[in-house]
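Asks: With the hints as extra help, turn the sequences into a complete structure.
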Amino acid sequence: MTAPLERPRRKNPVLRTRLPTTPPAARSRVALGLTAAAALGRFELQVCRDCGAVQYPPREACHACLSERLDWRAQDGAGELLAETVLHHGLELYYRERVPWRIGTVRLDCGPAVVAHLHGDCPAPPARVRVRACLDRAGQAALFAIPEKDTPSMADDRQLREMTCDPQHRKILVTDGKTALGQALVRAFVAAGAELVWVGHAEPWKRAPGLDALAALPQSTLVPLDLTDARSVENLAAAIGGKVDILVNNAEHHRTFGIEARRGIDAARAEMDVNYFGLLRLAQAFAPALRARGADGAASAAAWVNVLSIFALANFPPHGTYSASKAAAHSAAQCLRAEMRGSGVRVVNVFPGPIDDEWNQLLLPPKLAPGGLANAIVAALRSGVEDVYPGDVAQDWLARWRDNPKALEREVAG
Amino acid sequence: MTRARRGYEDVVAAVPVTVPYVRFSIRGAHWFIGRALAGLLRDSGLRKEAIDGLCVASFTLAPDTAIGVAQHLGLAPRWLDFVPMGGAAAVIALRRAARAVESGDAEVVACVAGDTNSVDTFRQGTAGFSQFARDAVYPYGSGGPNASFALLTAHYMRAFGARREDFGRLCVAQRANALANPHALFKQPLTLEQYLSARPVAEPLHLFDCVMPCAGAEAFLVMRRSRAEAQGLRCARLLAAIERHNAFAADPIQFRGGWALDRDELYAQAGTAPADMDLVELYDDYPVIVLMQLEDLGFCAKGEAPAFVRSNTFTVDGSLPLNTSGGQLSTGQAGTAGGFLGMVEAIRQLTDQPLGAPVPGAKLGLVSGFGMVTYDRGLSSGAAILARAEAGG
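The listed protein sequences correspond, in order, to chains A and B.
Sequential numbering from 1 applies to the first sequence in this note's numbering.
Sequential numbering from 1 applies to the second sequence in this note's numbering.
The set of hints was computed from the structure by calculation and includes no laboratory data.
Among the hints, a few may not be true.
[Stated by the list, open to error] Partner residues are not named here, just some residues of chain B that face chain A (Cβ under 8 Å, in silico):
| # | residue |
| --- | --- |
| 1 | R123 |
| 2 | T126 |
| 3 | A127 |
| 4 | R244 |
Cβ atoms here follow ideal geometry from the backbone N, Cα and C, with glycine treated the same way.
Replies: Pasting the structure below:
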């Protein structure tokens, strides 16, 4: 059984920090369908629309009937472990640094046999297992076989932790502690076993409600941070940048205007200054240190979380300029994700529907409770997904957007 | 009703050539193929213009294929083929060349396999070997085919009760055969104790279960027997040959290969049986594959190879001489030339020009091929039966 992860020892600052390496990232385009599903935490395989045959590895044509109509469909992953091996030798640096490494052949109940990473708690073959699609440190889908039933501390498996960004024992920066979401995030990370949570607040002379209670938590520390001020961002990065393992950027500026309803661009500029330029300032100051620490032991740098908005996918005209700023932030986050790729540090984009706060007062429910959103973010880090659409509204928009983006645009326009 | 396959009449293989193996080389694949072709001309006394058919196998020729080799080496063949099919390449080349000379499309076909190996060649070749391997195996840490064969070795051991000692007996016997072969890269005897105590590579595979990648080339000529005799060449007759690709695709893990589908045809075409063979050259990238072939080629029943291995010596001077020059496990695996090793050795034995120890009085030999692990198993299988060309026979 997996031993619970112990609190990592204090790092010896004299020793060289191991530089990050990643597993082989090359894939065919068709195989990226597996990655696209894994980014959402789903295990999907191609299923032939004509004969029903399940395909693996991903194909351009059905191996049974040659149909080109292959649809990605969710799979439960149940199967039988037929054989296992423990690798003691790797051609790539990533594995050379991580052997011994356990993999196995699993015959899925839905048909194909797959090669998968093997959780330490899976019994020797023959054994029933469940196969999941995870994202590996290269950000590509990797199949992972876990025991048929959950085991204690299974999240602490050494190989599984390579796929996840568990906040336990890690040091977290939450960029805005003044909002209800920010405060819920701090409490959620503390509850998840974070070693330390730095809590940014932009105007320290204003004591926002709830901050004193956060400051009283032994794991949390208030730090001044104003994303509209490059010097403020750089000063904080100079002080703690080399220690942050997970950065959660929840700071945002939100006003409820379209284009006509407000003369001038001051409100729009303020939104862009926090939501878009703020992300750039933060990334330029903090990302280099995170990148360098992508393989720094059991509590390595692991993730960068952007709290975006479902309105980043398609403009919501009543909150038109806010939507635009979140779309800009989404685009920048894709760039950041590409730049972080080689480090193994995951960029997690969160696309919530409206949060139940004062700026969404006039929106009809359902609205997201800050605590629920905070828990969804922690769960995303634990499971290792890359894109998160929490709540019913976000799921509804996502389904409409994936089905037909133009139809969504027209629907939202009223 | 399908028409019975036409047998091979009057086709021979001759002029076995080996370009000595080296662990690493700074030469390109063209160099090794060029040395092999020069060896064919030297040993046959033929002029380059007499080679009017060329069949090339290589993994490290890119961006060239066989046509690039033709220009590189100044050949003007009227029949050209490229068969980069690894361990199955020799049988495949021989089958195609045989039909070419029978039909008259070519008179003398040079079959050449050559590959180079520099320090990072193996990793690069493995990382990009196939789309399925790149998408679904290589990202999992498999050090080349090691992981795939570790998985099917583990399964074979569990399913059929094979033990590491059984694989070890085979490796030790092949090493004994290799000691007489001056080209073998492994020159020290191997004991069962050394085999068992070697370091693990991908459990249950340990160091001596894995071939060592190297550079080298192997080649032979295919022609009609009358042509060989006119040239004064010693030759081996082709009696029968089979090939099969992607057999038993529904097996969730490989425990048999295409030979099991085609072996009856092989022996019927040759008019022989497994027990008639004086020597067998079985593809041996990993010992489990040898056991699988002993079963699928009819030397014993499925699942009985472990017991069969325990009751044979496999040495040149013992029962069922197997991989008589040492096999790839002891000579090294020179890329696709590894697939030619057994063929060239069988031709040598049946024409009395072995590099190492001769199999006394050998008249019949079986050569197999196996290769192309594009995902989780070897896809291509082949086998040929060669016979000593007795005077007037």
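Asks: Taking 8 Å as the limit, does the beta-carbon of R244 of chain B come near enough to a beta-carbon in chain A?
Replies: violated (17 Å)
Asks: Is the interface hint satisfied for R123 of chain B? The criterion is a beta-carbon contact with chain A at less than 8 Å.
Replies: holds (4 Å)
Asks: Would you check whether T126 of chain B satisfies its interface hint, that is, whether its CB is within less than 8 Å of any CB in chain A?
Replies: Holds - the Cβ of T126 of chain B comes within 8 Å of chain A, reaching about 6 Å at its closest.
Asks: Given a cut of 8 Å on the nearest C-beta pair, is the interface hint for A127 of chain B held or broken against chain A?
Replies: Holds, about 6 Å.
In this structure, only the earlier hint numbered 4 is contradicted, and the remaining ones agree with it.
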